[in-house]
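Number of protein chains: 2
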Amino acid sequence: MSDLGVIVKKSEDFSEWYTQVVLKSGLADYAPIKGCMIFRELSYAIWEKIQEIFNEKIKRTGHKNVYFPLFIPESFLRKEAEHFAGFVPEVAWVTIGGDTPLEERLAIRPTSETIIYATYAKWIRSWRDLPIKLNQWCSVVRWETKSTKLFLRTREFLWQEGHTAHATKEEADKEVMEILNEYKDLMENYLAIPVLVGMKTESEKFAGALYTTTLETIMPDGKALQMGTSHNLGQNFSKVFNIKFIGEDEKEHYVWQTSWGISTRVIGALVMVHGDDKGLVLPPKIAPIQAVVIPIPYKDADTSTILAKAREIREKLQKAGISTVLDDRKEYTPGWKFNDWELKGVPLRIEIGPRDVKQGQVTIARRDTFEKQVVKEEKLIDTVQQLLEVIQRNLFNKAKKFLEEMITPVKIYDEFKQVLKEKGGFIKASWCGSRECEEKIKEETSATIRLIPFEREEPFSNCIYCGKEAKEVVYFAKSY
Amino acid sequence: MSDLGVIVKKSEDFSEWYTQVVLKSGLADYAPIKGCMIFRELSYAIWEKIQEIFNEKIKRTGHKNVYFPLFIPESFLRKEAEHFAGFVPEVAWVTIGGDTPLEERLAIRPTSETIIYATYAKWIRSWRDLPIKLNQWCSVVRWETKSTKLFLRTREFLWQEGHTAHATKEEADKEVMEILNEYKDLMENYLAIPVLVGMKTESEKFAGALYTTTLETIMPDGKALQMGTSHNLGQNFSKVFNIKFIGEDEKEHYVWQTSWGISTRVIGALVMVHGDDKGLVLPPKIAPIQAVVIPIPYKDADTSTILAKAREIREKLQKAGISTVLDDRKEYTPGWKFNDWELKGVPLRIEIGPRDVKQGQVTIARRDTFEKQVVKEEKLIDTVQQLLEVIQRNLFNKAKKFLEEMITPVKIYDEFKQVLKEKGGFIKASWCGSRECEEKIKEETSATIRLIPFEREEPFSNCIYCGKEAKEVVYFAKSY
Chain P
0 MSDLGVIVKK
10 SEDFSEWYTQ
20 VVLKSGLADY
30 APIKGCMIFR
40 ELSYAIWEKI
50 QEIFNEKIKR
60 TGHKNVYFPL
70 FIPESFLRKE
80 AEHFAGFVPE
90 VAWVTIGGDT
100 PLEERLAIRP
110 TSETIIYATY
120 AKWIRSWRDL
130 PIKLNQWCSV
140 VRWETKSTKL
150 FLRTREFLWQ
160 EGHTAHATKE
170 EADKEVMEIL
180 NEYKDLMENY
190 LAIPVLVGMK
200 TESEKFAGAL
210 YTTTLETIMP
220 DGKALQMGTS
230 HNLGQNFSKV
240 FNIKFIGEDE
250 KEHYVWQTSW
260 GISTRVIGAL
270 VMVHGDDKGL
280 VLPPKIAPIQ
290 AVVIPIPYKD
300 ADTSTILAKA
310 REIREKLQKA
320 GISTVLDDRK
330 EYTPGWKFND
340 WELKGVPLRI
350 EIGPRDVKQG
360 QVTIARRDTF
370 EKQVVKEEKL
380 IDTVQQLLEV
390 IQRNLFNKAK
400 KFLEEMITPV
410 KIYDEFKQVL
420 KEKGGFIKAS
430 WCGSRECEEK
440 IKEETSATIR
450 LIPFEREEPF
460 SNCIYCGKEA
470 KEVVYFAKSY
Chain C
0 MSDLGVIVKK
10 SEDFSEWYTQ
20 VVLKSGLADY
30 APIKGCMIFR
40 ELSYAIWEKI
50 QEIFNEKIKR
60 TGHKNVYFPL
70 FIPESFLRKE
80 AEHFAGFVPE
90 VAWVTIGGDT
100 PLEERLAIRP
110 TSETIIYATY
120 AKWIRSWRDL
130 PIKLNQWCSV
140 VRWETKSTKL
150 FLRTREFLWQ
160 EGHTAHATKE
170 EADKEVMEIL
180 NEYKDLMENY
190 LAIPVLVGMK
200 TESEKFAGAL
210 YTTTLETIMP
220 DGKALQMGTS
230 HNLGQNFSKV
240 FNIKFIGEDE
250 KEHYVWQTSW
260 GISTRVIGAL
270 VMVHGDDKGL
280 VLPPKIAPIQ
290 AVVIPIPYKD
300 ADTSTILAKA
310 REIREKLQKA
320 GISTVLDDRK
330 EYTPGWKFND
340 WELKGVPLRI
350 EIGPRDVKQG
360 QVTIARRDTF
370 EKQVVKEEKL
380 IDTVQQLLEV
390 IQRNLFNKAK
400 KFLEEMITPV
410 KIYDEFKQVL
420 KEKGGFIKAS
430 WCGSRECEEK
440 IKEETSATIR
450 LIPFEREEPF
460 SNCIYCGKEA
470 KEVVYFAKSY
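So the sequence lines, in the order shown, correspond to chains P and C. According to numbering that gives the first Met the number 0, the first sequence is numbered sequentially starting from 0. According to numbering that gives the first Met the number 0, the second sequence is numbered sequentially starting from 0.
Some hints here could point you the wrong way.
It does not matter which identical chain is meant; a pair holds if it fits inside one copy or across any two.
Here are the simulated BS3-like cross-link-like pairs (lysine-lysine), alpha carbons at most 30 Å apart as the crow flies [as the list claims (entries may be wrong)]:
1. K148 - K132
2. K308 - K204
3. K329 - K420
4. K250 - K477
5. K63 - K284
6. K277 - K298
Worth flagging that the hints you see were computed from the coordinates, not collected in a lab.
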């Protein structure tokens, strides 16, 4: 399916490189519908790994998976004014069912707060019913008018959305942070993508939230990417959907709520952050296939012995819990296979030729550094396990180093504009806290405040824009 | 969440009993949108088990999971005439995106043949690209106008749909049967629901298929339920979507295709087949929770000792691979908890009281027969494992016996009508093979031919309707 490798360098034309890697590795394809994409087997298998890891995390902390309808009546969306205003420009509307025009048009969910909370109002009666901690894996639709970017901006994408209800603000605050920390662990320790965590400003928060926390990182082209968000919705939705409970104090209270989500855009981040001129590079903990065994039959050699050994090696690795495939296709040469599996980002390649069989050894090649080593068969499992850990760590450290280099503190607005233009990345600057300055900067540079870091720093200058006294240090960037 | 148990008997008002069990066990709820439902945590957890089991089966045989768009352009649906005619009355149409009317309206997928095959035409070039064996888990929408029945008939439901392309008819035939056999194994050996397998008639086959194979069973009210279907699509779709490949003979050929699916309606079957007057009864192999541990603190007894023992038992079972919860809620009595977990269908209840702790034993109660036994702690794991197997077998055998009793061979049309009216179930009859007789019977009795069994039997009378020579023996029934 991938006759040709990637024919443009990451450093030369990043955008074209990205598209080629996604298409040629078999991660995804454009759908025959404007703005939509197809999640092919490789990206879907990565998504299944993410589901497995995140499900384990949230089930451990008492969350349950459910499935709510795809359709949201317009009247529900309208109930929370900010929420409606935030989402209505991007809604796809169903207006006809069978042959009959609908009395009320139905939104294809852009997010499910309203349909879920209309139901919570029915389910919640007493403090005994709290907390409710539900999550769903589904697709959502946002009718983007900007041009499509595979994984990063499409009209339909896959995500998970968590929706919880609590008796107190403190509990909701705690939930927001617990989930943010699980996201951070997923991003850093599985996807090997370091992130900064913090708060969104008032103008950047989720439509209808009290506050939004976020995970942000920088792509190789210097643009920021939001990797996930976790919101405290306060009582904004419980008041309009009338979600009340009788407390232990026997009085009526509105519940406090949170919602949080990550989407398939993190797969786009995986490609961008770790990929190279040969294609994808997958961190071992998220790679659906961790090692590929390739027999190298020479003309004179006994092919069946090599193949038998390759099968044996594959079995051994699989038994040790290492997800391994054997590529024994006859219609392709070893060289072609090397390229193909490099393109697909498999962390380790294990080559077995006639000499290897004779000497009881194999050759192992790393995808991240292309380093090769010859290993005695009896040390195979140990070596492979170590190498997988080393690769995982190496990818994270490289990305971490890049992220750190891409944070530039500036004190002067001219420098701000220059850094943004020439280098990109996060610009760390002091800010007076006014929405006006934030908006002016956005207008003039298209950079926005990506986050107010949790680890507060003292302002190191006056406000970068107005020059008045600064309130806090924030991170600006252009973003996807 | 379930303050009251089921207050109607299965034998007295089956339909009301079903609704009460589904709602009160917390399996599902009505959505605040006409015709839609909410898959609550219990039904979704069962669906996750089904996904896990079926994924393992199909991945073993080389199928891959993917995700194609929710939207299907009207022009795609129109390409295969029978297919369009079959689905168009039930399509929900998106006509507006954001503020803009769409140029071409988009169907919410009722099934994905057309969108997937439009893409296969792009992906398939040579015999080397075959077979393609893809599957997706998603929701589909069919704008039903009949009244809703939770799990069995809703406007949106969850399913998997497999879509394969092959070089020859023989390969496609083989795929159809391979999948049908996997379905049968899932239904019988996991869901404990015995099924009959066979072919659909021309008028009952899937819209656009060459032929349809089916799994059918009988519900306690005598109506048949289709549990899954596997279709050979022949070259009907490849011809209209132009899916061609260059064969090893270097000539151009159209591919042969299959599609197959099962849906969340099988959860409805689970409820109906195994449930009793106390609520759900889940077969152990599909039960998200296999055992519940309930501490029984007596007034005078040392509660903390009992609780500590209950925790220990729970740990032990969990470690042995038995999915177990400890119900240590203080706000409910043991009696209330017994009812609650019976309602939810958990196969085994393990009670621990002060006497049990003293004597190093526990009391185990079976959900299917309500039998109780006292077991020494050292034999706990073995006993629980055996009991789970016994329950699994018992549920299947009971259902199998019922299914066999509900097959009635008849030779005379008057008897046919009488059996249908008084007993229901499958009516085994000889049929001439004409569509006319099939339709007349449907008009007059609303019974349809559910299947032509694979194990062909010689006709044992003339055609049940026209009295002419019969061609084959078929199974009629009224159905959901």
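Taking the hints in turn, this is what the structure says about them:
In this homomeric assembly, K148 and K132 come within 30 Å of each other (Cα to Cα) only across copies, at 27 Å, whereas the closest approach inside a single copy is 33 Å. For the homomeric pair K308 and K204, neither the shortest alpha-carbon distance inside one copy (57 Å) nor that between copies (48 Å) is at most 30 Å. Within a single copy, K329 and K420 get their C-alpha atoms no closer than 51 Å, and across copies no closer than 62 Å, so neither meets the 30 Å cut-off. In this assembly of identical chains, the alpha carbons of K250 and K477 never lie at most 30 Å apart, being 48 Å within a copy and 53 Å across copies at closest.
When the C-alpha separation of K63 and K284 is checked against a cutoff of 30 Å, the pair qualifies both within a copy, at 24 Å, and between copies, at 20 Å. For a Cα distance limit of 30 Å, the shortest separation of K277 from K298 inside one copy, 28 Å, qualifies, whereas the shortest one across copies, 71 Å, does not.
Violated hints, in rising order: 2, 3, 4; the structure is consistent with all others.
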